[in-house]
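2 protein chains.
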Amino acid sequence: MQSTNLIVLSQIEIETFLVEGRLERLRELIAPCRVVDAESFTDASWLELLKEANPKILVAGWKTKPLPANACAEIAPALKYICYLPGSIRKLVPRELIEQGVTVTNWSSSISRTVAECALLLSLACMRRVAYWSHQMHDQGGWKDVKTVTQSLFDRRVGIHGFGAVAKALLPLLRPFTDKISTYTEGVPESVFKEYGIRQETSLERLFAENDVVIELEALTPEREKIVDEKLLRSIPAGGAFVNVARGALVDEDALFRVAQEGRLQVGLDVYTVEPLPADHPFRGCRNIVLLPHLGGPSTDRRRDAADHSLENLRRFQSGEPVLQPITLEIYDRST
Amino acid sequence: MQSTNLIVLSQIEIETFLVEGRLERLRELIAPCRVVDAESFTDASWLELLKEANPKILVAGWKTKPLPANACAEIAPALKYICYLPGSIRKLVPRELIEQGVTVTNWSSSISRTVAECALLLSLACMRRVAYWSHQMHDQGGWKDVKTVTQSLFDRRVGIHGFGAVAKALLPLLRPFTDKISTYTEGVPESVFKEYGIRQETSLERLFAENDVVIELEALTPEREKIVDEKLLRSIPAGGAFVNVARGALVDEDALFRVAQEGRLQVGLDVYTVEPLPADHPFRGCRNIVLLPHLGGPSTDRRRDAADHSLENLRRFQSGEPVLQPITLEIYDRST
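Keeping their order, the protein sequence lines are chains F and L.
Quick note: the working numbering has the first sequence finishing at residue 402, numbered continuously throughout.
Quick note: the working numbering has the second sequence finishing at residue 402, numbered continuously throughout.
Simulated from the structure, these hints should not be mistaken for lab results.
Please note that the accuracy of each hint is not assured.
Each pair may be met inside one copy or between any two copies, as identical chains are not told apart.
What the hints assert, rightly or not - In silico SDA-like cross-links for lysine to any residue, where the CA-CA straight-line distance does not exceed 25 Å:
1) K131 to L395
2) K131 to V212
3) K234 to R353
4) K122 to G329
5) K117 to D346
6) K122 to E291
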């Protein structure tokens, strides 16, 4: 049975992920293949393409239409590997395909360092109150006065909630500022903390109460919804900061707003329970919250790192080696 | 002749510089001494105090009234050491006193790392367009869209204009992001660049044209006024950033505004030719300029580092050792 691999991406994805010869390397790696514009399909013509090409490998992006659960059984029986350039695979790949043994990968930890960078930026921005000063300087004709308080990250106690790939990438960015870094998470063996030279706090309560800057990097699970509650937020020492670059739903946002509004806590947010953040959300206008529109990672210029990760995985797949960081059912169920 | 050392500081200076036992250590080091409120004097009562106490050591701060040029000769002949906790000593100390052999120190490089921190913050904020997003998110109900471009500092070429204490403190903060760091300055021996593992560009023109992020850290001299002109600014590659945490007068600000307004350059500023920045200055409202009100260094919480530097110098002075980083006539003339 004839099989042609497919690269189904938008023009922007090709231009930003597959820069500097990467498209050519990709085409070579999975030849024979076709490159098609992800935005040119109806639901029907998308299924038709799959049937006609019957790809063994599908390279996909944000704009690729979802795969049907019966893709392998009936529509494209040759399909063995879905190489998704971005992160959230749930919209594209039905769980059944993983159950059926199709290999699935995404950008995985190749973009972690850019999210870590965003966490550092928000931490520094909290300490210097950048949202407040941006408003004052741009819109209020403001300037500092004798009572202006600014803070530094140097020598601060930093607590990281969660210890996955982003937290690991954050450590080398934080270490020039402080060696007082601790973490709290569950299910990570002690040897990992040792390997990374980081101290595990004995409880989530201590992580918040004993650190000046708390950075939220925990994975979202149903049990962790709103795990960061008012009590935890209020326990951060006065003048401290709370930064979230993980998932908005980890935090009780009503409580966060109440605590932030009082002014004793600086807050830096890249993620929200509802995204886009509603236009009338109370966070907007609260000047001790630095707000970014979920652009933690990867920045446009580092999408190439995700492409390099995918290219390595395609090389491995084609030469029969195991791919790096495949999406298991466990990862699939945990992902957002 | 009777001599009592003087600590002449404002209440806020005592509370922020001399935290955690530092006031007590200071009093012990220079006993017998008096602590007086710097803000409680008229010009006349200030001279009277100097005459009456005839200090050998004066510990001073922002609010200490200026010393007269004839302080040593007539008013306080015992005066040998002026230990100024902050930075700019020209308002307090007339040049003649240094000529007469009075030892003068200030916070010198003890605060450099906080200025370096501000330079890193502004660089990261430029790459993620924090001023733009702060405005969009807080005041415009905004959110990212498919055309949103964000950038990272990872793997970027960073050029530093000047290679003094702040530049040296910036290197360890930049290195986790990139090893493509170069500098341009004059009069620094090649061995210093080697020691710090940094490449010297062959010209200022190349420093601007060959780097994605240019950080201004050069010392201001009369010859360097507006040395960063429109041509240099326009030579920074599109999508790049210009950050100034040194002195505003190094830059042709009219040219900077013209270039910034076009949107191809992100700008981060902590310093301005005229400070406070005039309320109607065109920088205000230009959303690809991150604006801070000259709070680079030291942050309030790190004033203790300046105090520690002064305490060490007082210990040295009292035990007959040479002080660290004394203000020479050359430094005095160069300072702002």
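List in ascending order the numbers of the hints, as given earlier, that are violated by the structure. 3, 4, 5, 6
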